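Using our numbering, read the sequence shown as starting at 1 and increasing by one per residue.
These are computed hints drawn from the structure, not numbers from a lab. Everything numeric in this text was worked out from a predicted model, so none of it was measured. Treat the hints with care, as some may be off.
Unchecked claim - Just the calculated beta-carbon pair ranges, DEER-fashion: (1) LEU4 / SER108: 12 to 20 Å; (2) ASP39 / THR95: 15 to 23 Å; (3) ARG123 / PRO17: 17 to 25 Å; (4) THR69 / PHE94: 12 to 20 Å; (5) ALA15 / HIS42: 21 to 29 Å; (6) ASN111 / ALA28: 17 to 25 Å; (7) SER108 / THR65: 38 to 46 Å; (8) SER13 / THR37: 28 to 36 Å.
Even for Gly, the Cβ is constructed at its ideal location relative to N, Cα and C.
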Amino acid sequence: MVLLKDFQTFQNSSASPTLISTISTNSASPTVIGTITFDTLHIGDRVELDGIFHVNNNNSNATGTQFITLEIKRRSTLIYQSTIEIDDEVVDDFTFISFKHVDVLPTSFKNGNYQVTVFANVRNMELYSPINVTGKRYDVFA
């Protein structure tokens, strides 16, 4: 039996797309999309993470493949990574990025923290709202 035990959300909403920041090009210091924290996570729990955010490639000097790298970390452990090509055009490719991942807990945690981040391989990639990140914790032993 599976039982939904907790639901957390991070939102940065607006009625229309709004520039949040330029996306970092430094993988050691990526741009934070959102953070979800659960008070308690138990070994074997399933945490379903999903979300959506928007990106504008405002790069005027395209010289090759342009992409962003999306990462999800549980505490400081990388649990998901995806590289997404934004465009081969020179300027203004506005698009949305969606993601979904299920994490099976290898151990129990207090203050279980998940962070969604992104970095780009070129300058002038821009992060726009609306942003929505949700996390659902399922107890599989209920």
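The hints, checked one at a time:
Judged by the Cβ atoms, the range 12 to 20 Å given for LEU4 and SER108 holds: they are separated by roughly 18 Å. Between ASP39 and THR95 the beta carbon distance is about 35 Å. The supplied range of 15 to 23 Å is therefore violated. Between ARG123 and PRO17 the C-beta distance comes to about 20 Å, which sits within the given range of 17 to 25 Å. Between THR69 and PHE94 the C-beta distance comes to about 19 Å, which sits within the given range of 12 to 20 Å.
Range check, ALA15 to HIS42: Cβ separation about 39 Å, and the 21 to 29 Å hint is violated. Look at ASN111 against ALA28: about 24 Å separates their beta carbons, and that is inside 17 to 25 Å. For SER108 and THR65, the hinted distance range of 38 to 46 Å is satisfied, since their beta carbons lie about 41 Å from each other. Taking 28 to 36 Å as the suggested C-beta distance range, the pair SER13 and THR37 does not conform, at roughly 19 Å.
The structure does not agree with the numbered hints 2, 5, 8 stated previously, though it agrees with the rest.
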